[in-house]
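Asks: Use the sequences and the hints to build the structure in full.
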Amino acid sequence: MSRLWFDLKMTMRALVRSYGFVAIAVTVMALGVGATTFAFTAINGVVLTPLPYPEPEELVHIELASADEPNGFEIGLHDLADLGAQQTSFESLFAYYNGTVNVSGDEQPVRYDGIFVSANALEQIGVAPELGRVFVEGEDAPGAPLSVVIGWNLWQQDYGGTPAIVGTQVRVNGTPATIVGVMPRGFQWPVRNDIWVPMQQDLDALPRGEAITVEGFGRLREGVSLEQARAEFATLYAAILADNPDWNVGATTDLNEYRDEFVGNQTMGILSAMQVATFLVLLIACANVANLILARTVSRRRELSVRTALGASRWRLVAGTLSESILVSIAGGLIGISIAHAGGKAVERYLIESGDGFPYWMSFGADLRVAVFAIGIAALAGLIAGVVPALRAARSDVTEGLKAGGGGGTSVSLGKLTRTLITVEIALSCALLVGGALTVRSVVNLQYVSPGGDVTGVMTGRIGLFASDYPDEVSRRQFWERLEARVAEIPGVTATTVTTSIPTYGSGGNAYRLDGQEPSPDGRYPFTRTVVVTPGYLDTFKVPLLAGRDFSVTDNADAQPVALINKTFAERAFPGESAVGKRVLLGREGDLALTIVGVVGDVYHSNLDNDMMPAVYQPLAQTDARFMTIAARTPGDEAALAGPVREALRSVNPDLPIYWLQPAQVWVDQSRSGPRLLGMIFGVFGIAAVLLASVGVYGVLAFTVAQRTREFGVRRALGADNGRIVNLVVRQGAFQLLVGLPIGLILAFGLGQMLQGVLANVSSIDPVSFLGVPLLLALVVIAASFVPARRASRIDPMEALRHE
Amino acid sequence: MSDAMISLKSVERSYETKAGRTWVLRQVSLDIAPGEFVSVMGPSGAGKSTLLSILGMFDSDFGGEYWLAGQPVHELPHKKRAELGRKHIGFVFQQYHLLDDLTVYENLEIPLSYRDVVRSERQSIVADMLDRFGIVGKKDLYPSQLSGGQQQLVAVARAMVASPDLILADEPTGALHSDHGRMIMQTLKQLNDDGTTIVQVTHSEENAGYGNRVIRLRDGWLDG
Numbered sequence: 055m056s057r058l059w060f061d062l063k064m065t066m067r068a069l070v071r072s073y074g075f076v077a078i079a080v081t082v083m084a085l086g087v088g089a090t091t092f093a094f095t096a097i098n099g100v101v102l103t104p105l106p107y108p109e110p111e112e113l114v115h116i117e118l119a120s121a122d123e124p125n126g127f128e129i130g131l132h133d134l135a136d137l138g139a140q141q142t143s144f145e146s147l148f149a150y151y152n153g154t155v156n157v158s159g160d161e162q163p164v165r166y167d168g169i170f171v172s173a174n175a176l177e178q179i180g181v182a183p184e185l186g187r188v189f190v191e192g193e194d195a196p197g198a199p200l201s202v203v204i205g206w207n208l209w210q211q212d213y214g215g216t217p218a219i220v221g222t223q224v225r226v227n228g229t230p231a232t233i234v235g236v237m238p239r240g241f242q243w244p245v246r247n248d249i250w251v252p253m254q255q256d257l258d259a260l261p262r263g264e265a266i267t268v269e270g271f272g273r274l275r276e277g278v279s280l281e282q283a284r285a286e287f288a289t290l291y292a293a294i295l296a297d298n299p300d301w302n303v304g305a306t307t308d309l310n311e312y313r314d315e316f317v318g319n320q321t322m323g324i325l326s327a328m329q330v331a332t333f334l335v336l337l338i339a340c341a342n343v344a345n346l347i348l349a350r351t352v353s354r355r356r357e358l359s360v361r362t363a364l365g366a367s368r369w370r371l372v373a374g375t376l377s378e379s380i381l382v383s384i385a386g387g388l389i390g391i392s393i394a395h396a397g398g399k400a401v402e403r404y405l406i407e408s409g410d411g412f413p414y415w416m417s418f419g420a421d422l423r424v425a426v427f428a429i430g431i432a433a434l435a436g437l438i439a440g441v442v443p444a445l446r447a448a449r450s451d452v453t454e455g456l457k458a459g460g461g462g463g464t465s466v467s468l469g470k471l472t473r474t475l476i477t478v479e480i481a482l483s484c485a486l487l488v489g490g491a492l493t494v495r496s497v498v499n500l501q502y503v504s505p506g507g508d509v510t511g512v513m514t515g516r517i518g519l520f521a522s523d524y525p526d527e528v529s530r531r532q533f534w535e536r537l538e539a540r541v542a543e544i545p546g547v548t549a550t551t552v553t554t555s556i557p558t559y560g561s562g563g564n565a566y567r568l569d570g571q572e573p574s575p576d577g578r579y580p581f582t583r584t585v586v587v588t589p590g591y592l593d594t595f596k597v598p599l600l601a602g603r604d605f606s607v608t609d610n611a612d613a614q615p616v617a618l619i620n621k622t623f624a625e626r627a628f629p630g631e632s633a634v635g636k637r638v639l640l641g642r643e644g645d646l647a648l649t650i651v652g653v654v655g656d657v658y659h660s661n662l663d664n665d666m667m668p669a670v671y672q673p674l675a676q677t678d679a680r681f682m683t684i685a686a687r688t689p690g691d692e693a694a695l696a697g698p699v700r701e702a703l704r705s706v707n708p709d710l711p712i713y714w715l716q717p718a719q720v721w722v723d724q725s726r727s728g729p730r731l732l733g734m735i736f737g738v739f740g741i742a743a744v745l746l747a748s749v750g751v752y753g754v755l756a757f758t759v760a761q762r763t764r765e766f767g768v769r770r771a772l773g774a775d776n777g778r779i780v781n782l783v784v785r786q787g788a789f790q791l792l793v794g795l796p797i798g799l800i801l802a803f804g805l806g807q808m809l810q811g812v813l814a815n816v817s818s819i820d821p822v823s824f825l826g827v828p829l830l831l832a833l834v835v836i837a838a839s840f841v842p843a844r845r846a847s848r849i850d851p852m853e854a855l856r857h858e
Numbered sequence: 008m009s010d011a012m013i014s015l016k017s018v019e020r021s022y023e024t025k026a027g028r029t030w031v032l033r034q035v036s037l038d039i040a041p042g043e044f045v046s047v048m049g050p051s052g053a054g055k056s057t058l059l060s061i062l063g064m065f066d067s068d069f070g071g072e073y074w075l076a077g078q079p080v081h082e083l084p085h086k087k088r089a090e091l092g093r094k095h096i097g098f099v100f101q102q103y104h105l106l107d108d109l110t111v112y113e114n115l116e117i118p119l120s121y122r123d124v125v126r127s128e129r130q131s132i133v134a135d136m137l138d139r140f141g142i143v144g145k146k147d148l149y150p151s152q153l154s155g156g157q158q159q160l161v162a163v164a165r166a167m168v169a170s171p172d173l174i175l176a177d178e179p180t181g182a183l184h185s186d187h188g189r190m191i192m193q194t195l196k197q198l199n200d201d202g203t204t205i206v207q208v209t210h211s212e213e214n215a216g217y218g219n220r221v222i223r224l225r226d227g228w229l230d231g
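From first to last, the protein sequence lines stand for chains A and B.
Note that our numbering numbers the first sequence so that position 176 is 230, with each residue one more than the last.
Note that our numbering numbers the second sequence so that position 199 is 206, with each residue one more than the last.
Please note: incorrect hints may appear among the correct ones.
[As the list claims (entries may be wrong)] For lysine-lysine, the following BS3-like pairs were computed, each having C-alpha atoms within a straight-line distance of at most 27 angstroms:
#, chain 1, residue 1, chain 2, residue 2
1, A, K63, B, K146
2, B, K145, A, K63
3, B, K94, B, K146
4, B, K94, B, K16
5, B, K94, A, K63
No wet-lab data here; the hints were simulated from the structure.
Replies: This is the structure:
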């Protein structure tokens with residue numbers, strides 16, 4: 055212990071005196087460990103953090119899957135009820151679906167992202183309420199008195215945390231309801247939700263095909279394995295499908311641990327790619343620090359030889375050099391934790407703000423596990439970076455070292471090992487930079503993907519109507535017509551529409567077949583997005599009319615049902631012929647026949663990185679919708695329309711809230727947020743890699759030049775001109791470049807394959823990235839070589855020959 | 008084996024070069040008894056430093072036999088050789104080679120640490136050595152704060168701190184002013200009088216005069 059402490063004290067003393075080396079090495083390691091730990095914060099948050107529910111491993115997520123949808127899709131409420139009645143694997147089944155919940159008390163209603171749940175859901179999740187109770191059996195029965203449970207945040211913010219909250223009467227989506235309980239602080243199951251309402255779905259009144267779909271769950275009974283539950287559900291669901299031959303043909307139940315909901319293949323793909331990328335950054339950092347230590351070892355040759363002469367064993371010398379490397383790396387690791395925490399929190403905020411459903415219990419910040427990982431990985435990095443220089447240090451020739459005195463000879467070289475390390479750095483940087491270039495190009499390409507039409511200058515806001523206030527189609531339609539008319543009167547508004555989906559928002563869809571086609575024997579039909587609009591839609595979003603006509607006021611409830619289709623629909627369904635005048639049958643039963651009156655340009659009704667889907671537009675006058683978006687175009691600043699639009703709504707119904715009142719451009723930007731985040735992360739990794747590599751090349755060449763000062767002086771004295779000296783140094787960097795780049799491109803190919811799933815509109819072997827990156831890297835390396843080379847060329851021969 | 012401290016039998020050392028094999032030491036055989044003060048002399052390139060490197064066990068790539076304190080160095084594996092060296096040998100270098108980052112005290116302490124001497128014992132030995140060499144007042148100074156003579160004095164103290172039987176000194180006064188040089192030589196003489204065997208490489212006849220035997224090398228051969 056005494057010996058260890060003595061050596062550590064000596065090592066720290068040496069490091070304190072070598073502050074230049076320490077500053078660079080710690081910075082380099084902070085970058086490397088910081089990047090690796092940053093990726094680990096995501097893995098820690100997504101994979102390693104246990105779900106905050108009792109016995110989380112018993113919670114099973116119940117979905118359906120099919121050959122077309124192998125990643126699973128929501129299960130119908132009828133199916134879940136039938137399975138629940140027969141199954142024995144779970145204590146009981148429960149479910150939820152997302153929905154808007156407008157709560158009004160004495161004041162203006164406020165909108166929340168609410169969750170509609172089975173009565174047993176909160177009880178099965180297993181978290182006890184802070185106040186009052188959770189739902190009891192029967193509260194989700196149609197017509198039962200409505201009760202709600204609220205979350206801590208809502209209780210504190212809207213009700214001042216009053217203990218008298220239980221029993222308070224409110225209106226929920228227009229229906230009188232009683233607050234029966236408050237959930238504890240921090241509980242926001244399933245995502246970031248603050249209000250839970252029993253789903254009062256009347257299954258008897260809804261055919262199987264029209265009931266809503268839900269996220270199904272169950273808590274495994276003691277002694278039942280997930281495999282047993284899977285087997286039971288597969289059998290039960292096959293029987294359900296046998297009883298309903300036209301329903302969900304080819305589908306099977308898909309049961310997974312609830313945790314797996316958050317670690318799907320794409321998530322794991324992204325996390326793996328990130329972790330691989332950051333390990334590459336770390337390896338580059340290790341190579342850099344190894345080179346720094348090697349250089350330090352060369353300049354410490356005399357000291358190491360003296361220590362050997364004084365009796366230091368090889369092991370003591372190895373341990374000394376290794377402990378330097380490890381201490382420096384751990385110092386870098388401590389800074390790296392801060393970098394990772396800051397980066398993780400920034401990503402967390404970005405994901406929360408982009409509305410991508412970042413669960414409340416997930417955190418990308420640093421915790422004890424992250425800290426242990428960072429210190430562990432830093433120590434390992436220190437070991438990797440230090441082991442070769444340490445072995446070299448311990449094996450150096452003592453006699454030569456003692457002769458070396460304090461200065462350099464005429465030709466001190468860092469040798470093959472250093473050159474190899476530089477080559478490795480260039481190769482890894484090349485791979486990372488290509489990965490960065492691919493993702494950045496993917497993001498840039500997404501910026502140029504038009505959502506369809508033109509969203510600039512359009513203000514939008516979402517409104518939901520409730521059956522209690524607007525009980526029939528006519529009253530709802532009248533509301534939307536009055537609202538649109540009021541908004542159209544706002545000065546400066548040149549076009550308005552009311553629609554279920556604005557560009558990139560995300561619309562519903564339906565199966566379809568063409569008039570004259572026979573029903574499919576296997577129940578499989580092509581799928582189209584369906585969007586309800588008023589006649590101003592094309593003008594508001596400047597969607598071009600390609601054939602036929604736009605909707606008009608004559609397309610009303612009494613007229614023949616009509617539709618507009620998008621270009622993709624027309625090309626797929628009617629290749630080489632006019633679609634106008636043809637009929638399309640919507641639904642599995644084909645019970646809604648629509649006559650196509652026009653073909654319009656394509657508009658994305660989902661994220662821009664998805665493939666363009668066929669779309670059918672229906673006039674509001676011939677259909678019905680309770681949740682719609684009002685949109686208004688102005689040649690001026692659309693943000694200025696927010697107040698007038700809100701006023702217009704108040705003049706029609708002062709009790710209705712409007713939410714997501716924002717320019718249409720915001721939706722388009724949000725749809726680009728995921729790829730943009732990935733692009734930013736990989737871009738930063740790529741830049742970090744290039745910085746590290748250039749610092750590495752520069753550092754090694756600068757050291758070599760310093761060590762060879764006398765040699766360059768001699769060469770100059772013998773008549774070598776500036777060009778020859780510069781050439782001598784730059785050539786050293788160029789050779790490593792020629793070897794490193796091809797290796798890097800091979801690695802980049804592998805990384806590109808890993809990223810394939812998340813790249814949009816760019817090939818994983820994108821020639822611009824694969825040609826541009828080596829060129830850029832070559833320029834950076836040559837530039838990094840040039841500075842020391844210029845220094846070498848300016849050496850005064852007389853000064854140099856006196857150099858020690 | 009004889010009672011010699013050092014016994015060399017037909018020791019040879021050569022290097023392979025592009026021009027062929029170059030011999031540095033040829034058939035060197037000699038015995039040095041305990042308590043002797045031997046000076047190795049000869050012109051540049053005669054093989055003096057190579058001989059000292061072999062004696063100090065920095066160089067194991069030699070032919071012939073090298074016996075130290077009755078142990079066959081030429082047969083020992085690296086670890087055993089290092090142990091033997093730690094037990095018997097102390098070094099004094101021409102350029103002092105004090106460790107710049109360590110104080111005088113720590114420079115003296117480090118050979119003891121390499122011999123796994125416990126801390127309390129180290130403190131007591133170093134304190135004795137500081138007293139013995141009259142450098143107590145300098146114990147917290149760094150080498151750069153000392154004159155050349157003081158540095159070499161510390162270097163001699165460091166060579167002695169682990170109580171070696173043998174001190175190998177490579178031009179111990181080569182970098183010193185003559186007054187300082189004499190002080191160092193007197194110190195070495197005193198150590199020898201106290202029983203330490205000393206082998207020094209020197210160009211100075213005056214320094215060789217402090218010893219009781221001179222070995223001369225020429226072109227790798229023992230002269231005479």
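Asks: Run every hint past the structure and note whether it holds.
Replies: Going down the list of hints, with the structure as the test:
1. For the suggested pair A/K63 and B/K146, the alpha carbons sit about 18 angstroms apart, so the restraint of at most 27 angstroms is met.
2. Of the supplied pair hints, the one linking B/K145 and A/K63 holds, its CA atoms being roughly 21 angstroms apart against a limit of 27 angstroms.
3. Simply put, B/K94 and B/K146 have alpha-carbon atoms about 25 angstroms apart, close enough for the 27 angstroms limit, and the pair holds.
4. The hinted pair formed by B/K94 and B/K16 meets the criterion: a straight-line CA distance of about 22 angstroms does not exceed 27 angstroms.
5. A distance of roughly 25 angstroms separates the Cα atoms of B/K94 and A/K63; the hinted pair therefore holds under the 27 angstroms criterion.
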